[in-house]
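*Asks:* Two chains, each in its own frame: build the complex with the hints.
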Amino acid sequence: MISCQDLKFSYPGESFDLRVKSLAVEKGESVALVGPSGCGKTTLLNLIAGILLPGEGSVEVEDVRVNGMNLTQRQAFRLGNMGMVPQNFELLDYLTVAENILTPIRLSGRGIVQSEHRERLAELAGRTGMSDLLQKFPTGLSQGERQRTALCRGLVGNPALILADEPTGNLDPGNQDRIVSLLLEEARRLEASVLMITHEPGLLGRFDRVVDLVELRKGADS
Amino acid sequence: MNRAGLLHLGLRYLAGNRAKTSLLVAAFTLVWLLPSAIGILVGKVETHLRSRAMDTPLVLGSAGSALELTFNALHFTKPEIATLTYRDALDVSETGLGEAIPVYARFTAGDNRIVGTTFDYFRFRDFSFQEGRAFLRMGECVIGSAVATANGIREGDAIISSPETLFDLAGVYPLRMTVCGILDPTGTPDDDAVFVDLKTTWVIEGLGHGHKKAAEATEEERLTTDEGGVVRLNASVLEYNEITPETIDSFHFHGEPEDNPITAAIVIPAGVKEQALLKGRYTSSKSLQLVTPTEEMDELFATVFSVQRAVIWMLIIVGGATLALGALTFMLSYRLRHREFVSLRHLGASPGMLRGLIAFEAVFVLAASLLLSGGLLLLIEWIAPIMIERYW
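Line order of the protein sequences matches chains D and S. In terms of the working numbering, the first sequence opens at residue 1 and continues consecutively. In terms of the working numbering, the second sequence opens at residue 1 and continues consecutively.
No false leads were slipped in.
Residues from chain D that face chain S, not an exhaustive set, calculated with beta carbons under 10 Å: (1) 46; (2) 75; (3) 78; (4) 89; (5) 92; (6) 104; (7) 110; (8) 153.
The following label-pair restraints were derived from C-beta to C-beta distances: (9) 375(S) to 88(D): 38 to 48 Å; (10) 15(D) to 351(S): 28 to 38 Å; (11) 327(S) to 28(D): 45 to 55 Å.
Since the hints were made in silico from the structure, they are not lab data. Predicted, not measured: the structure shown is a model, and the values here were computed from it. All residues carry an ideal CB built from backbone N, CA and C; glycine is no exception.
So here's chain S without its partners, still in its complex pose (with noise of 0.2 Å):
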């Protein structure tokens, strides 16, 4: 067969008839690319989460959503989550049976969370750092590589926490943070989150703070003086946004820290049947819960798999439906071009060829939009952990 003749006549077909070919090129592409891009996208979301799940024993909280005290717990959303107490969190330590560490993911600077914690977690996710060290007091704050990143952030600047009560003037102030640290990457959630001590997200809350001493209070600041000379200060008195050496001294909790929020804990078991003894524990708590995160990613990716299967379903018959168009598409161009084949044959084109010229349009379609799927699914699969590392 002739080729080249075969080659051009059929791409000037195709290049004159522009608008049909790139639609039906792009209808072709949807049909192969939309059910393995979910695929693809689903097998990395997967993955990205069961590491990390796999990598968290267990997980307290208070009674509710399971999967949201995970997600809470290991990726840092749901701050809205309802809160268990400090204690519980000791509580689970003094048992004996497992070591729980604290975290509090519920307040944000700017885009970042900001997780309350204790040194525990660094050593639990064997944190290394590229700068700095990790937190020693209230006040400081160890950013993950992307929040340093992103923000240029170096060891010694400061992050300021968003502001919780815009509406209230007299209400908690953003607390300025020392960045004492940079945590080399993980390529998970620890990258975009700010570390700091559980206590200075209870500042944050507003239930900790720091001003000046009441007996150098002016008579605007007081409220009252009794007669055994305690004062109460009211709303006016300057309470100090950030927490340096200098006043360090003057931040206080009013009432137990125990008693004080947090969102989740991680619990470490001390072996296998303290697993189940702790699991056993709080299996009948009506106000407490005890996750283990796998299986929460288990019944998630069950629901997941259902609904991706229903999606790839409906995908094929729409996927048929558009071939079929396409079938249809096609069989009509070669009524409308029936003039132009006649055309040829009298100037002496071999049967071939025009067979050739019949095929060439759905070919090249077909190709072209093999192709095009093919070169996205690898974009895909190259940009989807980065993606899904970044944003979830």
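So here's chain D without its partners, still in its complex pose (with noise of 0.2 Å):
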């Protein structure tokens, strides 16, 4: 699913850079990406989803070389095999919950909203209990269902891969199991992988894999 060889890349004008000599996740495997604040977990992620491209090797996801595609192609590649789900949740004020998670429809293909994608967004309402805040704009919302609006978002795609970056980081211990146990269901579900940051020990048991990043990096190193 995931293939990383030789990584190496740096931020102009910067002097932190990440090197990763070799990583890969497995079709329908959870990893949990753990790691210091500032060792470049984030980064790897954008990485990997192509919104960073590395200076050196390679990023593949799906067999499909992710650093030799253009910008729209890479765009076009995340929309329809990847779900992001980020931190800080990123939702849009002036669209409804409903209107949110269904946003990587509208912006794929020809952005139209069918009775597919009706179903599948009432069926994660469902699932994560947000049926009935789905009319509701995110600034009437709490951070647990903020989180929850910005997973179904991730999700409302069936992607092939999920990328979490800290999803359960603003969010208590309670709110934290349910979301990472919703994402791993949802990804065991669609037989999807899943790469999550977190920084939360205790949730680390519920993933397939951990994977240290500043071990990650001492092998590049070496």
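*Replies:* Pasting the structure below:
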């Protein structure tokens, strides 16, 4: 599913650089990515998503070389294959919960929401307890509700790969557990792979595998 | 590009920011609308005023503002202008150089001007009647089509002149006039006028009146009776406030009717040469002036156009400032929405979609304001002549 080889990345004008010798995530596998703040977890996630491009090496998702595509192709590929669940929800305040969840559908293809998408929306909303909140705006939601909205948005396109950047970072332990449960359950239903950044030790046992980025970088350095 | 998605997100953003969008559309609409609207309005007013002026060769009046005299004779406004005598108008006709049609536009009946004139005015303006006929005697009136429509007046109804001496109980009372005819619409100030015989306006002014015969007056109504039997009546004698076949014989004027006032006289010269001669005749007059309405309109619109140019330049400057502020608003809006665009990019929005979303607000505001101002201009184009005819 994911295959990163000999990755090298640095931000222009900054001393930080990220080197990853090899990282692989199998189809249907759930992986927790851990490491101290500033070690490059979000950067690695963005490289896999095609938001950033490595200086060297290759990123492959579903046997497609992500860093071999141009920007438009990468964006289309991400929309078609990946579900993004950001830490800060990144919801659009002028859209209702339902519209926020359906945003990836609006951005992809012809941008027309069809009955199958509405069915998927209802299904996800039912599983995440958001059915009664679909016509509300994000400003009227709690943190947990916002995160559940962001999670539904990441899943609405039935992605093959779910990339989640600390989706539980702003939540209390009860909501953390609920969100991760929902995420992993949905991933299993979709047979999707999951790569999730987390700082919560209590959640690590829920994943098939835990990858420490510091260790990955050591491997690349040696 | 994904047009449906772009349209949905763009419109939802605008709907979520209704107040800002409405203000921007309103401001931009004014920028496009005002200079064009002023141009249209001035153009319509010019057409309206010039067409009336072109139909009226010359106007004779008392010395003073030539423009006010023109407006009094052509549009029955400026009732306060200095008067000339009816004899002054007759003098023009006696020269054989042209014909003078008297106009006494000073009094009102409600909101409508009472215009004292002669039947020659009807012939000159080529009036036709939708009801009735022209006035044949004092106390009858012919009303314009707008007067009839606005007040629901038919032939045979009555119109009462507005009181001229409201606080003088012994003064002249309003005159009740019978409508003997209603004119066809002309699209000119004639539609809003009440036409009467010149003598009727003098009666309204109090220069002529009718009352019971002095010989029949009671002692209380007599002021003096001299040895020759001449009776002078006091103010208590009842004056008639309507001229009917029964009372018309009692109406009389003290003094020569030719010395009574008129506000203007429309002069129709016999030819080009006669027109030049007539103009020359009044050039050196200190008490009278003979003006050419088209020349007055030329002067008026030369001033109007210079003011219009100045106003439009100011509007262009204000419009430029408004557009600059609008551009600043869009730039600030873009900065405020930066996080939103980053989110959309992370989700997978294409570069074209993001560019489209950034431009959408500006394009929408520009298009909406252009459409709105275009619609309003069409409305102004349609309604301006009606308003000008109604109120000018």
